[in-house]
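Chains as they are written, first to last, in my numbering: chain A, 1 to 265; chain B, 1 to 337.
Hint data in this document are derived by calculation from the structure and do not stem from the laboratory.
Bear in mind that the values here come from a model prediction, so they are computed numbers and not experimental data.
Check before you lean on any hint, since a few could be wrong.
[As the list claims (entries may be wrong)] Chain B regions said to be covered by chain A (calculated; three or more residues, Cβ under 8 Å):
#, region
1, 38 to 50
2, 146 to 154
3, 199 to 206
For glycine and all other residues, C-beta sits at the position ideal for the given N, C-alpha and C.
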Amino acid sequence: MGLRIHALDAYRSGDSLVHRLDARVKLVLAVLFIATAALTPDGAWPAYALLAALALGVILLSRLGVGFVYRRSAVALPFALAAVTVMFSTPGQPLLVARILGWDVTLSDAGLVRFVSIVLKSWLSVQMAVVLTASTPFPGLLQAMRSLCLPKVLVAIVGFAYRYIFVIADEVMRMMRARAARSGSREGRGGGSVFWRARVTGGMAGNLFLRSIARSERIYEAMVARGYDGEVRVLRPPSLQLGDVLVALLFVLVLGAVQALAQLF
Amino acid sequence: MLASGILPSPAPMHIPDGFLSIVVSAICWVLTAVGVGVSLWRSGKTLGGRQVPLMGVLAAFIFAAQMLNFTVAGGTSGHLIGGALAAILLGPWAGILTLTTVVAIQALVFQDGGLLVMGANILNMGIISVLVAYGVYRGVTALARGQRWGLFVGGFSAAWLSVVIASVATAIQLAFSGTSPLGVALPAMAGVHVLIGIGEGLITVGALAFVAAARRDLLPALSGVEGGPSDKPVRGLGWAAVGLTIALAVTLFAPLASEYPDGLERVAEDLGFGEAALDAPYAIIPDYVFPGLSEESPAATILAGIVGALIVAVLGLGIAAAVARLRKRAVLQEIGD
Numbered sequence: 001m002g003l004r005i006h007a008l009d010a011y012r013s014g015d016s017l018v019h020r021l022d023a024r025v026k027l028v029l030a031v032l033f034i035a036t037a038a039l040t041p042d043g044a045w046p047a048y049a050l051l052a053a054l055a056l057g058v059i060l061l062s063r064l065g066v067g068f069v070y071r072r073s074a075v076a077l078p079f080a081l082a083a084v085t086v087m088f089s090t091p092g093q094p095l096l097v098a099r100i101l102g103w104d105v106t107l108s109d110a111g112l113v114r115f116v117s118i119v120l121k122s123w124l125s126v127q128m129a130v131v132l133t134a135s136t137p138f139p140g141l142l143q144a145m146r147s148l149c150l151p152k153v154l155v156a157i158v159g160f161a162y163r164y165i166f167v168i169a170d171e172v173m174r175m176m177r178a179r180a181a182r183s184g185s186r187e188g189r190g191g192g193s194v195f196w197r198a199r200v201t202g203g204m205a206g207n208l209f210l211r212s213i214a215r216s217e218r219i220y221e222a223m224v225a226r227g228y229d230g231e232v233r234v235l236r237p238p239s240l241q242l243g244d245v246l247v248a249l250l251f252v253l254v255l256g257a258v259q260a261l262a263q264l265f
Numbered sequence: 001m002l003a004s005g006i007l008p009s010p011a012p013m014h015i016p017d018g019f020l021s022i023v024v025s026a027i028c029w030v031l032t033a034v035g036v037g038v039s040l041w042r043s044g045k046t047l048g049g050r051q052v053p054l055m056g057v058l059a060a061f062i063f064a065a066q067m068l069n070f071t072v073a074g075g076t077s078g079h080l081i082g083g084a085l086a087a088i089l090l091g092p093w094a095g096i097l098t099l100t101t102v103v104a105i106q107a108l109v110f111q112d113g114g115l116l117v118m119g120a121n122i123l124n125m126g127i128i129s130v131l132v133a134y135g136v137y138r139g140v141t142a143l144a145r146g147q148r149w150g151l152f153v154g155g156f157s158a159a160w161l162s163v164v165i166a167s168v169a170t171a172i173q174l175a176f177s178g179t180s181p182l183g184v185a186l187p188a189m190a191g192v193h194v195l196i197g198i199g200e201g202l203i204t205v206g207a208l209a210f211v212a213a214a215r216r217d218l219l220p221a222l223s224g225v226e227g228g229p230s231d232k233p234v235r236g237l238g239w240a241a242v243g244l245t246i247a248l249a250v251t252l253f254a255p256l257a258s259e260y261p262d263g264l265e266r267v268a269e270d271l272g273f274g275e276a277a278l279d280a281p282y283a284i285i286p287d288y289v290f291p292g293l294s295e296e297s298p299a300a301t302i303l304a305g306i307v308g309a310l311i312v313a314v315l316g317l318g319i320a321a322a323v324a325r326l327r328k329r330a331v332l333q334e335i336g337d
């Protein structure tokens, strides 16, 4: 587990067209892609195929590896469980009637189309989000958020949180190692009752809270010592290059065309 | 249930992109923008220059605290979500900012929750859960008048209710988007989170107990005992009203969602799930039609929601009052410690 949290830094350095693209452009285009997928009607298969091809093109251009992106984008698939029942609740031609636990369950064609569409929308959206975070260093994402008019203070807080996640995660690792070292237990079973274990875990969380408060105070004092006066100051982001604008225009045109096609169906 | 496998996913509550309609996402973003805007303004006023480092480090704390797990049974483990703990330890505004930051990083960096639907995820886990938790906690501690049990009863019920209400809000958003019929999503989400909420409550109480033992001054509800000026039961009840109003509003929204879109009423016909949630399960012919169901069902559900909320409220207040009476004599002695 100790290695895992650090392996989680989502950025993968590389040199590709997608990596070089301005972070602001990337964030906006990724959100537009996700919105296009969300707006695409159920069962507009050609539109979904085009979106998948577009996503695949971006993945290939980013040189992140198709396998890597597809693997990471499986993250959201378990949530599809939440949509399973839509298959049986949407009115339409019955495809299959089964009797499960005393209920007559009707699988309708419209329901199946709706379910597959939801899962496709989700999968395509996550692909684009994976490419965005894997090809953009976190400071770039912060800068993009600032230029999208998010409050400066909020962006600064997000930046601080990301900076200290790894520090405090290390603190958690040390606490858990200490707990493991002091507790004998059989495999898969802890000592004591569940309530007792939950309370011990809660105590660790309380301890971690106090350590975090103390750390934030030290950080604040160090900032004040270096001239921090409560005002968040950031460098002006570089202006957009012609190439960035062209890529953005092209991408938006393609998305618009896909959407137009999807609405025709 | 839906752990991503990379990080301990706090709960099956992070909605990915694609599961909410554009309209629902947009409405949630507007509500979230208002909530986060107010929180930024209020916490900036009280924290000043400390706001950025304190909120940032504490968001990292919540994120890391979610990694603390404990064995429940047979290889499954429970862990903290943190909304209630943040609300109680930091107050509502800083709590909202902290949880907002956590949800934003989970979505941006780890794809735990979508980008377009981030507004909904922040609304559920960052705003609704924090306000409900804070309201319940302030209400119970005001009734407890600064005694120790108020901290624990309040902490547990705040954590439990905030998790359950947030899951109900998630189910409603899914239903409004036509992703999952409410008759199924609501009992499933609420059912799972009624259990998850118990773990959350236990860990929250454990954390509060530790903080109460080590740094009593960080818990205003307890330091009020020591005659400090922070003990304001009236304001506490005001917050309790806010929390209960939100909890009730979310509950009452459910029947509206069940009417929308039209196809959702069909769930009752095809599955009998809608009824199964309320009555005993029974078999229904596929093409059976319930005359007048759409007129009667929302009213009945609203009524059931109100009755349920009232029962919970009466039970909670009754227990609090009973404990208060039992402790009445001990009060004078306990003030000493």
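For each hint, the structure was consulted:
1. 38 to 50: holds (count 5)
2. 146 to 154: violated (count 0)
3. 199 to 206: holds (count 6)
Hint 2 from the earlier list is the only one contradicted by this structure; the remaining hints agree with it.
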